[in-house]
Amino acid sequence: MNCLKLACGFSERDNIVEDEIRSQNNIFQDLIGRTKTCMSKINDDDDPIECEVAFLSENNKFTWHSHPGGTREPSNIDRRTTKNLNKEYLCIGLVPTGETVCWHKDDGFKEEVFSF
Numbered sequence: 000m001n002c003l004k005l006a007c008g009f010s011e012r013d014n015i016v017e018d019e020i021r022s023q024n025n026i027f028q029d030l031i032g033r034t035k036t037c038m039s040k041i042n043d044d045d046d047p048i049e050c051e052v053a054f055l056s057e058n059n060k061f062t063w064h065s066h067p068g069g070t071r072e073p074s075n076i077d078r079r080t081t082k083n084l085n086k087e088y089l090c091i092g093l094v095p096t097g098e099t100v101c102w103h104k105d106d107g108f109k110e111e112v113f114s115f
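Going by numbering that gives the first Met the number 0, the residue at position 42 of the sequence shown is 41; the numbering climbs one at a time, nothing skipped.
Keep in mind the hints are simulated off the structure, nothing from the lab. Since the structure is predicted, the reported quantities are computational estimates derived from the model, not experimental observations. One should not assume that every hint holds.
Simulated restraints, written as ranges between beta carbons of each label pair [claimed, not checked]:
#, residue 1, residue 2, range
1, K104, D43, 14 to 24 Å
2, D105, N42, 40 to 50 Å
3, D44, I76, 16 to 26 Å
4, D105, D43, 33 to 43 Å
5, E110, R21, 25 to 35 Å
6, G32, K60, 23 to 33 Å
7, N14, N58, 10 to 20 Å
8, K60, K40, 31 to 41 Å
With a straight-line Cα cutoff of 35 Å, these simulated DSBU-like cross-link-like pairs (lysine-lysine) come out [to be verified]:
#, residue 1, residue 2
9, K109, K40
10, K35, K104
11, K86, K40
12, K104, K86
13, K60, K40
For glycine and all other residues, C-beta sits at the position ideal for the given N, C-alpha and C.
With the hints as constraints, model all of the structure from the sequences given.
As structure tokens, then:
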């Protein structure tokens with residue numbers, strides 16, 4: 000983690016949201032599996048982004064989507080989409096490893112705040 004939670008102003012409420020995100024891991028792992036299945040069916044010259052999947056809910060304070068190639072950092076489009084949806088956290092599922100990494104809006108989703 001690049002940003003210590005206390006140094007970044009994380010509150011008890013942020014810990015609750017982090018726990019909520021972590022509690023969805025079974026869903027995330029299923030979505031990562033679906034991405035892997037899709038990737039096994041596309042041609043070598045196809046763009047793996049075609050297999051990207053997303054988990055969005057108006058009730059949650061985060062976005063989650065898969066990165067088929069395993070790119071750890073969010074793109075500018077990822078940041079903009081999460082901001083436009085008025086979400087606090089941007090999370091990415093890294094397909095090759097099954098890991099989820101998350102960023103917070105307070106720094107423009109620049110520093111990773113937690114992963115699991």
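Hint check:
1. K104 / D43: 14 to 24 Å: 37 Å, violated
2. D105 / N42: 40 to 50 Å: 41 Å, holds
3. D44 / I76: 16 to 26 Å: With Cβ atoms ~22 Å apart, the hint holds.
4. D105 / D43: 33 to 43 Å: 40 Å, holds
5. E110 / R21: 25 to 35 Å: Given range 25 to 35 Å: violated, Cβ gap about 19 Å.
6. G32 / K60: 23 to 33 Å: This hint holds: roughly 25 Å between Cβ atoms.
7. N14 / N58: 10 to 20 Å: 18 Å, holds
8. K60 / K40: 31 to 41 Å: 34 Å, holds
9. K109 / K40: Roughly 33 Å separates the two Cα atoms, so the pair holds.
10. K35 / K104: 29 Å, holds
11. K86 / K40: 33 Å, holds
12. K104 / K86: Distance of about 8 Å is within 35 Å: holds.
13. K60 / K40: Distance of about 33 Å is within 35 Å: holds.
When the structure is compared with the earlier hints, violations turn up for hints 1 and 5 and for no others.
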